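K.L.:
Please construct the entire structure, taking both the sequences and the accompanying hints into account.
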Amino acid sequence: MPESPRRFVISCGVMAVAAAIIAPARAADAATPPVFWVASGGGSARANVSCPTAGYGSVQSAVTAAQNYESSHRGAVPAVGSARARTPSR
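Just so we're aligned, residue 112 is where the sequence shown starts under my numbering, counting upward by one.
Cβ pair distances, simulated, as ranges:
| no. | residue 1 | residue 2 | range |
| --- | --- | --- | --- |
| 1 | SER183 | GLY152 | 23 to 29 Å |
| 2 | ARG185 | SER151 | 29 to 35 Å |
| 3 | GLY154 | ARG185 | 25 to 31 Å |
| 4 | VAL174 | GLY152 | 16 to 22 Å |
| 5 | GLY152 | GLY186 | 31 to 37 Å |
| 6 | ALA158 | ASN179 | 14 to 20 Å |
| 7 | HIS184 | ALA158 | 16 to 22 Å |
| 8 | SER155 | VAL188 | 20 to 26 Å |
Hints were generated in silico from the structure; no laboratory data involved.
Source: prediction; values computed, not measured.
For each residue, glycine too, the CB sits at the ideal point set by N, CA and C.
P.N.:
Spelled out as C-alpha cells, the structure:
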C-alpha cells in the first residue's frame with residue numbers, strides 16, 4: 112500500500128478511537144453528539160461517519176454545521192474531526 116493512503120487509513124482509525132474515548136459520557140444525554148468529519152473531497156452527499164466518508168470539504172463548513180447543531184441541541188458539544196487532526200476539536 113502506498114505510504115500516503117496507508118497513513119490516511121491509520122489516521123482515520125486513530126481518530127475514530129480518539130472520538131470514542133474523548134467524547135464525554137453524560138447520563139442526561141440519550142445520544143452522543145455527532146462528529147462532523149472533514150476531508151478533501153468531502154461533501155453533503157457523503158455519509159459523514161468517518162474520514163473516508165467525510166461530510167464536509169472544509170473545516171469552516173464543518174465548524175458552521177457543528178455550531179448550528181449545538182444551537183439546536185442544548186448542552187450538546189459536537190466535535191469536528193479531520194484526517195490531519197490528532198483528536199477531534201470540541
